[in-house]
Amino acid sequence: MAFFLLPSAIPLFVFTLVPMVSSLWVSLHKWNLISPMEWVGFRNYTNLLGDEMTRRVFLHTLIYVVGYLPIVYAGGLLLALALNQKLKGRSFLRATYFLPVVTSWVVVALVWKWLLNPTNGLVNQILGGLGLPQPGWWTDPHWALPAVILSSAWKDLGFVMVILLAGLQSIPTDVHEAAKVDGSNAWQRFWRITLPLLSPSTFFVVVISLINGFQVFDQVYVMTAGGPAGSSQVVVGQIYDLTFRYGRAGEASALSWILFAVILIITVFQIRGQRRWVHYA
Amino acid sequence: MRDTRSLTAKIALYAAVLVGAAIMLFPFLWTVITSITPEGSLADGPTVFVDNPTLNAYRTLLDAMPIWRIILNSLGVALVSTVLQLVTGSMAAYGFARLHFPFKNVIFGFYLATLMVPLQVLVVPLFIEMKTLNLQDTYFALLAPTIASAFGVFLLRQAVIGVPMELDEAATIDGAGHLRIFTTIVLPLIRPALATVAVFAFMGSWNSFLWPLVVIRSPEFMTLPLGLSTLQGQFTTQWDVVMAGSVVSIVPIAIVYLLAQRHIIAGVAHTGIK
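Residue numbers (my numbering), protein chains in the order written: chain A, 1 to 281; chain B, 282 to 555.
These aren't lab readings, by the way, just hints derived from the structure by calculation.
Glycine included, every Cβ here is placed at the ideal spot set by N, Cα and C.
It cannot be assumed that every hint is accurate.
Beta-carbon label-pair distances, calculated as ranges [what the hints assert, rightly or not]: (1) B:Ser322 to A:Asp140: 22 to 30 angstroms; (2) A:Tyr280 to B:Lys291: 30 to 38 angstroms; (3) B:Glu450 to A:Gln85: 44 to 52 angstroms; (4) B:Pro319 to A:Met37: 52 to 60 angstroms; (5) B:Thr465 to A:Pro196: 24 to 32 angstroms; (6) A:Gly273 to B:Val300: 51 to 59 angstroms.
My request is simple: use the sequences and hints to build the entire structure.
Right under this line is the structure:
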């Protein structure tokens, strides 16, 4: 037994469990990573919970999630429905839509930062050519988060598509045939059959997207670094800055536990709530 | 009547998915175009056909950082962490699925608990751990958090449970021990799950950014995402160089992807169903 378990148990213990426990310990101290730790009890937590900055970074993270999820779900669903039809070049198209998924966040963020460059970026050139307004994107406090959301949605569309495609393919065709015989139209079949039977896949997409969305960091760090003027700072970016820019490791650890608690609560609520809308065939 | 309608619908569908595919591919194409555009012409705004294509940006990139080494770092770390996760994960999966020992459920509960803790919670103490052990700026530091993955153990355990017990029992009668059953019976039968875990491990390592950002300082140990992000700091306005770096980092993963595309997509789909 030891032979089979130790190769995974030792690294998980040393590089996950020990840091977990020590993170809790650090979160109860005032510490700049250099001078001795100073015990402050739960003051880091209470300070953070009363802090305007905490509210802002959580709000930005929430805006990110709420903006991103409907776009990738609706887009991914349309794509999955389209590429579930008998089309020529179907597998090539699926591969194309999935290509951004394997590309790293940093590359995606850099490429989109360039495409969304306010002065000579391609997107604004096109918008200008069409006589539309040209937002300042990542240089404008109102547009920085939308710029991040846009590039994230572009990257993850293919992922959602693949999950929903797998879900669509697990729906037995005779259900649709039977409904057709009973005289239902395509629209009714979509709402009454496809969407309900797709609910397990939808559930998976929503749970994973929320967990990942609340941990958003790479694309924000690269594209806006939380700016301009903190307008796109997210929770993980704040954890990073607190530790490595301001030397406030105690508060950073406390904030990371608050984030974990929020993700956990949301996930538990979703799992509890799934009975109401998730139907397993 | 009915035929013309379905034909129109078909054409509309093709048009829509092709426009969508163009939107997916164009940023990649644009990255290449920008990287070969002479720096001076970038300010004039974009053109699809570059007048005087140049490889200057790639030369600047080569001078700015040990890019070959960085590519090898990324590939090496991704490959090693994939292999390690497959080995440690499949062994643990066999242990949890087939062996009986005290506190099995408690220990498995620990594994699942580590699955739920986000990397952000671990980053600060893990960084301190590495600093204390003087392991900053090493390959080991890059690998440490990815030697074993609870996610992999969980997925592989499900697969081992799916292997019929009768096979094990028959092998036991023939005198095979656990190690032998594991390597000759279980491992070949859980190949699809192993492929799925491999895909996730490789992509996870290849794309990981936060941990390398925290633990690596010197260019010799950087991986591609980290190297690229520092490039942006050095060349805030030199988009041709930044895009050249992006091209260099997209090409290897794109090749891996094209070769293994079916397995990658199937692997991802597989996790969504169950």
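Okay, the hints, checked on the actual structure:
1. Between serine 322 of chain B and aspartate 140 of chain A the beta carbon distance is about 26 angstroms. The supplied range of 22 to 30 angstroms therefore holds.
2. About 33 angstroms separates the C-beta atoms of tyrosine 280 of chain A and lysine 291 of chain B, a value consistent with the hinted range of 30 to 38 angstroms.
3. The hinted range of 44 to 52 angstroms is satisfied by glutamate 450 of chain B and glutamine 85 of chain A, whose Cβ atoms lie roughly 47 angstroms apart.
4. A C-beta distance of roughly 55 angstroms is found between proline 319 of chain B and methionine 37 of chain A, which places it inside the suggested range of 52 to 60 angstroms.
5. Distance hint check for threonine 465 of chain B and proline 196 of chain A: the Cβ-Cβ separation is about 44 angstroms, which falls outside the suggested range of 24 to 32 angstroms.
6. About 36 angstroms separates the C-beta atoms of glycine 273 of chain A and valine 300 of chain B, a value inconsistent with the hinted range of 51 to 59 angstroms.
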